[in-house]
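Asker: Using the sequences provided together with the hints, build the complete structure.
One line per chain: the protein sequences are D and B, in this order. The first sequence begins at 1 in this note's numbering and counts up one residue at a time. The second sequence begins at 1 in this note's numbering and counts up one residue at a time.
Treat each hint with caution, since some may be false.
[Said to hold, decoys possible] Which chain B residues face chain D? A few, computed with CB under 10 Å, are given here:
(1) 131
(2) 133
(3) 245
(4) 247
(5) 291
(6) 294
(7) 297
(8) 301
(9) 316
(10) 319
(11) 357
(12) 365
(13) 366
(14) 392
Worth flagging that the hints you see were computed from the coordinates, not collected in a lab. Yeah, the Cβ is synthetic: ideal placement off N, Cα and C, and Gly gets one too.
Single-letter residue listing:
Protein chains: 2
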Amino acid sequence: MESGTEIGDLIRVAKDRLTYEGILIPRSEYGDDKHIVIKIKSGYNIGIEITPTTRIERIGAKTKPAFVPPPSPSQKPGLPEVIIVSTGGTIASRVDYRTGAVRPAISASDLYSIVPELSDIALIDTVILFSLFSEDLTPRHWSELAGAIGRYVAGGAEGIVVTHGTDTMGYTAAALSFALQNLPIPVVFVGAQRSEDRPSSDAASNLVGAVKAAASAPFAEVVVAMHETISDEAIVLHKGTKVRKCHTSRRDAFKTVNASPVAKVLNGEVIMLASKFHPRDLRRKLVLKHDFEEKVALIKFYPGMSPEIIKSLVEAGYKGLILEGTGLGHVRRECLPAVKNAIDKGLIVAMTSQCIWGRVNMNVYANGRDLIAMGVVPLQDMLAETALVKLMWALGQTKDKDEAVSLLETNVAGEISPRTVEPVQTPETVATEGRGISVDESRL
Amino acid sequence: MESGTEIGDLIRVAKDRLTYEGILIPRSEYGDDKHIVIKIKSGYNIGIEITPTTRIERIGAKTKPAFVPPPSPSQKPGLPEVIIVSTGGTIASRVDYRTGAVRPAISASDLYSIVPELSDIALIDTVILFSLFSEDLTPRHWSELAGAIGRYVAGGAEGIVVTHGTDTMGYTAAALSFALQNLPIPVVFVGAQRSEDRPSSDAASNLVGAVKAAASAPFAEVVVAMHETISDEAIVLHKGTKVRKCHTSRRDAFKTVNASPVAKVLNGEVIMLASKFHPRDLRRKLVLKHDFEEKVALIKFYPGMSPEIIKSLVEAGYKGLILEGTGLGHVRRECLPAVKNAIDKGLIVAMTSQCIWGRVNMNVYANGRDLIAMGVVPLQDMLAETALVKLMWALGQTKDKDEAVSLLETNVAGEISPRTVEPVQTPETVATEGRGISVDESRL
Numbered sequence: 001m002e003s004g005t006e007i008g009d010l011i012r013v014a015k016d017r018l019t020y021e022g023i024l025i026p027r028s029e030y031g032d033d034k035h036i037v038i039k040i041k042s043g044y045n046i047g048i049e050i051t052p053t054t055r056i057e058r059i060g061a062k063t064k065p066a067f068v069p070p071p072s073p074s075q076k077p078g079l080p081e082v083i084i085v086s087t088g089g090t091i092a093s094r095v096d097y098r099t100g101a102v103r104p105a106i107s108a109s110d111l112y113s114i115v116p117e118l119s120d121i122a123l124i125d126t127v128i129l130f131s132l133f134s135e136d137l138t139p140r141h142w143s144e145l146a147g148a149i150g151r152y153v154a155g156g157a158e159g160i161v162v163t164h165g166t167d168t169m170g171y172t173a174a175a176l177s178f179a180l181q182n183l184p185i186p187v188v189f190v191g192a193q194r195s196e197d198r199p200s201s202d203a204a205s206n207l208v209g210a211v212k213a214a215a216s217a218p219f220a221e222v223v224v225a226m227h228e229t230i231s232d233e234a235i236v237l238h239k240g241t242k243v244r245k246c247h248t249s250r251r252d253a254f255k256t257v258n259a260s261p262v263a264k265v266l267n268g269e270v271i272m273l274a275s276k277f278h279p280r281d282l283r284r285k286l287v288l289k290h291d292f293e294e295k296v297a298l299i300k301f302y303p304g305m306s307p308e309i310i311k312s313l314v315e316a317g318y319k320g321l322i323l324e325g326t327g328l329g330h331v332r333r334e335c336l337p338a339v340k341n342a343i344d345k346g347l348i349v350a351m352t353s354q355c356i357w358g359r360v361n362m363n364v365y366a367n368g369r370d371l372i373a374m375g376v377v378p379l380q381d382m383l384a385e386t387a388l389v390k391l392m393w394a395l396g397q398t399k400d401k402d403e404a405v406s407l408l409e410t411n412v413a414g415e416i417s418p419r420t421v422e423p424v425q426t427p428e429t430v431a432t433e434g435r436g437i438s439v440d441e442s443r444l
Numbered sequence: 001m002e003s004g005t006e007i008g009d010l011i012r013v014a015k016d017r018l019t020y021e022g023i024l025i026p027r028s029e030y031g032d033d034k035h036i037v038i039k040i041k042s043g044y045n046i047g048i049e050i051t052p053t054t055r056i057e058r059i060g061a062k063t064k065p066a067f068v069p070p071p072s073p074s075q076k077p078g079l080p081e082v083i084i085v086s087t088g089g090t091i092a093s094r095v096d097y098r099t100g101a102v103r104p105a106i107s108a109s110d111l112y113s114i115v116p117e118l119s120d121i122a123l124i125d126t127v128i129l130f131s132l133f134s135e136d137l138t139p140r141h142w143s144e145l146a147g148a149i150g151r152y153v154a155g156g157a158e159g160i161v162v163t164h165g166t167d168t169m170g171y172t173a174a175a176l177s178f179a180l181q182n183l184p185i186p187v188v189f190v191g192a193q194r195s196e197d198r199p200s201s202d203a204a205s206n207l208v209g210a211v212k213a214a215a216s217a218p219f220a221e222v223v224v225a226m227h228e229t230i231s232d233e234a235i236v237l238h239k240g241t242k243v244r245k246c247h248t249s250r251r252d253a254f255k256t257v258n259a260s261p262v263a264k265v266l267n268g269e270v271i272m273l274a275s276k277f278h279p280r281d282l283r284r285k286l287v288l289k290h291d292f293e294e295k296v297a298l299i300k301f302y303p304g305m306s307p308e309i310i311k312s313l314v315e316a317g318y319k320g321l322i323l324e325g326t327g328l329g330h331v332r333r334e335c336l337p338a339v340k341n342a343i344d345k346g347l348i349v350a351m352t353s354q355c356i357w358g359r360v361n362m363n364v365y366a367n368g369r370d371l372i373a374m375g376v377v378p379l380q381d382m383l384a385e386t387a388l389v390k391l392m393w394a395l396g397q398t399k400d401k402d403e404a405v406s407l408l409e410t411n412v413a414g415e416i417s418p419r420t421v422e423p424v425q426t427p428e429t430v431a432t433e434g435r436g437i438s439v440d441e442s443r444l
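Answerer: Okay, structure coming up:
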């Protein structure tokens, strides 16, 4: 490379009267020779276009990322103790530049050594619990993770960060929201959409935000920490039961659905966004409820779906079914006898909507009313993914069907948002129609 | 009611120096005696709060909505001929005020008589094809609807409007996008989130927008016409293969995903939003390809999903499976043998993402690459719902598996958006980082 620099060197880049310093990192698969990529002190990777006037200077020797033991707790005794639990995923992976493959090779400890400013935020311990792609995690892993967190809480941790693949992070965050009851401290899930050694990686900034929230947020809830927008500015904290991955690749892929995010981390501060929250309180005693019934299925309905699909799950011994119906919570009339048979055989069948946003309301149309009459449980504005996890959890807590249904209908961890609290017909004024003219958008 | 007015009367309401005229309609289920609801000339229903200074005057006799035959074509010979095909749904339903139930009782003809300004836009013929809740429509109905539209096109229609329940309107619009090839005129699906006799109904405004688009839009494509926002101002036209119902109840529930909407209707004009479109051309000869294979299933993956679910569909004789995987297109490793078995048995298995937004990319992680190696077809940025419909359609066109896969991978009706056409590493500048500093968001 020009000016004798090598990957890993600390370099200074001068361009257009601005100067940038950072560690030179691989340009990875971009195959672009017009940019260089450096990791600046904040942990962010930035790409800089090389023009004829750009000057590049080597100012420090190669410091390839490698395991560096975290500073011992005695170094900064005033900081809160945070444990980073690694489960795998992009945030814990690197590209193998010879094959182009992504390997889950980097541990939380490695991450810590790469993002040194974490030591200004918290005293950090790191644990590798799993090294799995998140689609390979199962309810048994949720249970194991909850158990581990229980031990760290008992050991005096003041905040927990869980690094996790983004694919199923929403499901695991929901599971832990139900499994970790009466939490004294925050449990913050964090992932990355781009691996740490790519120019556009969100790993470092997400991790810094997550550790900040775990160390000092005023709430004690399970949240997911990811980019608020595509810029690195703010990390938003989503409630574990209301969050969903809504884009395959963008850094702001995670969205809170049917609610407000809990908080965000901006300029190193945690700013609360939710008006009500479960406050941090170290005296509180965590209650572990981490059993999940795996014989629960999610069925997304589609036009012409055969009722045989429901029948075969009943025959296979499933204990519960979450239907992801259309609109306000519908499946075709042809499926109604199969649903009734499932309920008669003792399964719990509950309804969510494939619309994602909004709330089921099965009292409006005939198919919905008939499903309600059979005993299908309408799950309000709960996400289908959260509903699946919750039914697994409810059936893990009790073998009594009525009790499990009652748990399912109870707002355990913020998974059900209250209906907009408005007097009936309180209008949403439509600007174009003048004073006193209103259209009610809050009801059908 | 005060001032001797009755439901159906033409009334004048004077309040705060403003005057409103319209037909008094039932206040429906709101149970509110502080507002009255009138249908104003534009077809919109508005609610007016009654205050002590509000004056209500009866200015015309009761004119209960009833069937009024459309003006004969000789009346306004210059207008384009549009056929409104009714299939059912909220747009074609009314609330029964004794029971509170919604009945699919109103025909396109009735709607026409209630929204008289349609006669200024087009010469309208109305046909009742089905009276079904949209969740009860199946691929056979798609086929029948396509056949009917073929006949209307042959008969000289210059635009088609299909009134449809909103629940599965996206699926049907996708199906017709594939079934109606080489379209000479627009086919505009339209629904309503609130039935026509409710104060906040979107039926009239959506229908006016749909008829306007059918009569005079410059494109010849299958689109869905619904509210752009919650206000009545603009009706947006979504491409049939890229549209999804994303809210259970809002009037702006429909969103174009991974693309720009085709056009919108604003102030009575059709404004194009897409840069490329299939232009209207009456000389073009419609090609009907309206066979669908019903033995195709959509499987939404979730953590711990048993491979038995895939196996049982293979055993039940399914011909194709659409997987709605996580993230970039993944299912757990445990499912891989079942997927391989399905492909070995001759099924087509294709991958979409439950993220909804974004594009699958199965070359990044090991599970994805192994699925590709087995022959799973990655479906780019296609919606899972559209992918299901398209696989049903592809298997309806040919019994040859390779040909069907090739159809599935070809962009037939705008269902695959091109990758953002950008040179590699063309930056999306991050404002906070200064000149020449960029983060590439377009690639992983």
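Asker: Hint by hint, say whether it matches the structure.
Answerer: Going through the hints against the structure:
no., hint, result
1, 131, "12 Å, violated"
2, 133, "6 Å, holds"
3, 245, "5 Å, holds"
4, 247, "4 Å, holds"
5, 291, "14 Å, violated"
6, 294, "6 Å, holds"
7, 297, "7 Å, holds"
8, 301, "7 Å, holds"
9, 316, "6 Å, holds"
10, 319, "13 Å, violated"
11, 357, "4 Å, holds"
12, 365, "6 Å, holds"
13, 366, "7 Å, holds"
14, 392, "8 Å, holds"
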